[in-house]
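Protein chains: 2
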Amino acid sequence: MPKLSERAHAMPASPIRKLMPYAESAKRRGVHIYHLNIGQPDVETPAEFWNAIRDFPNRTLEYSHSAGIESLRKRCVESYRAAGLEIETADLMVTTAGSEALIFALLCCLNPGDEVIVPEPFYANYNGFAVQAGVTVVPIRTYIENDFALPPAEAFERVITPRTRAIVICNPNNPTGTVYDRPQLEGLREIVLRHDLYLFADEVYREFVYTGTPPTSVLSLAGLEGHAVVFDSVSKKFSACGARVGFLISRNHELMEAALRFGQARLSAPTLEQHGAEAALDAPRSYFEGVRTEYMARRDALVAALRTMNGVVCPKIDGAFYATVRLPIDDGETFARWLLEHHVFEGSTVMLAPADGFYATKGAGKDEVRIAYVLGVDRIVKAMECLRRALATYPGRTCEQAVAAGV
Amino acid sequence: MPKLSERAHAMPASPIRKLMPYAESAKRRGVHIYHLNIGQPDVETPAEFWNAIRDFPNRTLEYSHSAGIESLRKRCVESYRAAGLEIETADLMVTTAGSEALIFALLCCLNPGDEVIVPEPFYANYNGFAVQAGVTVVPIRTYIENDFALPPAEAFERVITPRTRAIVICNPNNPTGTVYDRPQLEGLREIVLRHDLYLFADEVYREFVYTGTPPTSVLSLAGLEGHAVVFDSVSKKFSACGARVGFLISRNHELMEAALRFGQARLSAPTLEQHGAEAALDAPRSYFEGVRTEYMARRDALVAALRTMNGVVCPKIDGAFYATVRLPIDDGETFARWLLEHHVFEGSTVMLAPADGFYATKGAGKDEVRIAYVLGVDRIVKAMECLRRALATYPGRTCEQAVAAGV
Chain A
14 MPKLSERAHA MPASPIRKLM PYAESAKRRG VHIYHLNIGQ PDVETPAEFW
64 NAIRDFPNRT LEYSHSAGIE SLRKRCVESY RAAGLEIETA DLMVTTAGSE
114 ALIFALLCCL NPGDEVIVPE PFYANYNGFA VQAGVTVVPI RTYIENDFAL
164 PPAEAFERVI TPRTRAIVIC NPNNPTGTVY DRPQLEGLRE IVLRHDLYLF
214 ADEVYREFVY TGTPPTSVLS LAGLEGHAVV FDSVSKKFSA CGARVGFLIS
264 RNHELMEAAL RFGQARLSAP TLEQHGAEAA LDAPRSYFEG VRTEYMARRD
314 ALVAALRTMN GVVCPKIDGA FYATVRLPID DGETFARWLL EHHVFEGSTV
364 MLAPADGFYA TKGAGKDEVR IAYVLGVDRI VKAMECLRRA LATYPGRTCE
414 QAVAAGV
Chain B
14 MPKLSERAHA MPASPIRKLM PYAESAKRRG VHIYHLNIGQ PDVETPAEFW
64 NAIRDFPNRT LEYSHSAGIE SLRKRCVESY RAAGLEIETA DLMVTTAGSE
114 ALIFALLCCL NPGDEVIVPE PFYANYNGFA VQAGVTVVPI RTYIENDFAL
164 PPAEAFERVI TPRTRAIVIC NPNNPTGTVY DRPQLEGLRE IVLRHDLYLF
214 ADEVYREFVY TGTPPTSVLS LAGLEGHAVV FDSVSKKFSA CGARVGFLIS
264 RNHELMEAAL RFGQARLSAP TLEQHGAEAA LDAPRSYFEG VRTEYMARRD
314 ALVAALRTMN GVVCPKIDGA FYATVRLPID DGETFARWLL EHHVFEGSTV
364 MLAPADGFYA TKGAGKDEVR IAYVLGVDRI VKAMECLRRA LATYPGRTCE
414 QAVAAGV
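Protein sequence lines correspond, in order, to chains A and B.
Here my numbering = 1-based position in the first sequence + 13.
Here my numbering = 1-based position in the second sequence + 13.
Calculated from the structure, these hints are not laboratory results.
Wrong hints could be hidden among the right ones.
As the list claims (entries may be wrong) - Example chain A residues on the side facing chain B (calculated, C-beta under 8 angstroms, incomplete):
hint: 1; residue: Leu123
hint: 2; residue: Glu267
hint: 3; residue: Arg279
Each residue gets a CB set at the ideal place from its N, CA and C atoms; glycine is no exception.
Please work from the sequences and hints to get the whole structure.
Pasting the structure below:
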């Protein structure tokens, strides 16, 4: 039998999805699961989206343009402009979800063996995309004690090599919930210009900021026209994760022209959902405000519960719908699996994502988990009670020791 | 401004789509275009598909499983079994169209710099996927004079090197319409076993065979369980190109397990269309029979028209809905562009795909074009009349010389 490639062996299993077989087995035993492992919100997709799908006028489901349906691109550009970000239609390409936007950017901007610097923990699938593109992720640690703040310029300067081609940030951040402010981004701007790097910004959670201050896009940073590349998506914005419609945005026209050639090879993004996404962009502001209010309430319930648990460290969370928290446990993956295999409280258990898969540094994040607060407040409260009971009985807990040591 | 990668420069523009700006410009001038450049059929997507989309029960469009919706996988496996191909659910993964199935297979089975052997002309986007995966396409010529028949074993043996990892075939063939029979495939089987190679088979046109004999899948070849990898799609089968739902099929479980990890990185294929595809698999046999009868009539009309044109070579076409034909012209791309810029007959022109983009051998296929017969018979007839007139006036025509030389 022929062998698999080296990259097939190197491709990591998703820390968000790898425990799914244990979850399926728990469900078969009749255990209800609070899915806090995956950023799959329970919020309804806007009615505008569904109406457009229902009223789709054609009887043949055709390919779309490789850069996306033009009216969607124009409508999306309008929404960027309304947010004060001056882009043109040529600066925006529709991709098959945000994932493809990032893959195209890596393929277009980096040669195999080149390096991207990413503050860690980071969205775990960046590791997978890096394997797929044959590039090396160079992590810079951020720390829970410091609310996972962006590291200072020196930390970036220290790891820049002749092979460094890009810095990747996610803002608001998945998995930490951190929001980077303008002065921090201006700092990145200086580094990027000094070393002639790309600045890739995953901004898919831009609608989810709870500080009252609008988030800062890298597109608003002066002088980065050739450097800034933004990934956006309808998955979270419209609670339409299954739509697989995303956007690659850059004012670097050479890059956009190259990305289009990658896009032509795969022909087009899904037609129906592009149609739905265009309509969803007309959802009233009240839709987003309602969603934001709901997530703030969920965050507050989550944080309140976590902060009463012995030995749990929960940092400040300003955006997105994730928290990376430290638990008084030996190992996040063992614990998450134990929750699915052995823990039941009131007929339910909790599914979490072990945080070590969100780090590139070996051994980092072992006692952390990522919690996606994508359930209603009542269910968040119940899930946290279920977690509290688990922490009291888990065989690998370290709480008593931590408490004994005065932590 | 930072530089683009080498692969960004190497990624070819699609020969099927690169002339789109000229087509758009012609449309703006009021010229109607017969689109024979792209395999976008005008046939209706089955009613079962649309009904399922309309009746989609959820209000939140969620991710699906990374391997695809399980009921769709099971239903698809049933349809394979009904065709005599014994596969299990674990042997089939849903991908974002056939394109992604091929990309995943290349990534999982080949290291960068490894080689795939492909009979040429081949589906042009294979070149793009090879650039994306960093692998080398080694072409073996097939010839229009010989109806683009599969080359003999010696031709494959001659180009096999220590870096050869796979042979890729497309059967029924895009862009030639050739259908490989069982003895030919048995020949490939021997080569693949002798050199421990993968056999990748793009079988997305399996429903479109006009010989009266059911097509042979590589899945039916004995002893290739670890070697055979099939790419399938709903795009052509259900005239649902915009759905972006495809399938990766192999009994090599190590490969399927690796492909799932690539799938997890991109999360999932589009949810709505998977739902539609599952329903479409229940379309009655009469749907496929009707479609097949329609395409046979189109092929017959196309071939009849082409064979009356001076200097045109049209080979035997047994499947898919493409013909690669030789025209009495200097250069396919120049001619295809000229058609869009300068030719109008009864208010219309024809868009063709230059065939040289379907070859990896430099300079090959210069006087060939690919014609997709995806329009109704009446329109095929009109488009061919439009082409005949073009061949009589095109400045770069070589017909008079060809006729003078007795061709």
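Results for each hint:
1. Leu123: Cβ of A/Leu123 sits 6 angstroms from chain B, so the hint holds.
2. Glu267: The hint holds - A/Glu267 has a Cβ within 8 angstroms of chain B, the shortest such distance being about 6 angstroms.
3. Arg279: 4 angstroms, holds
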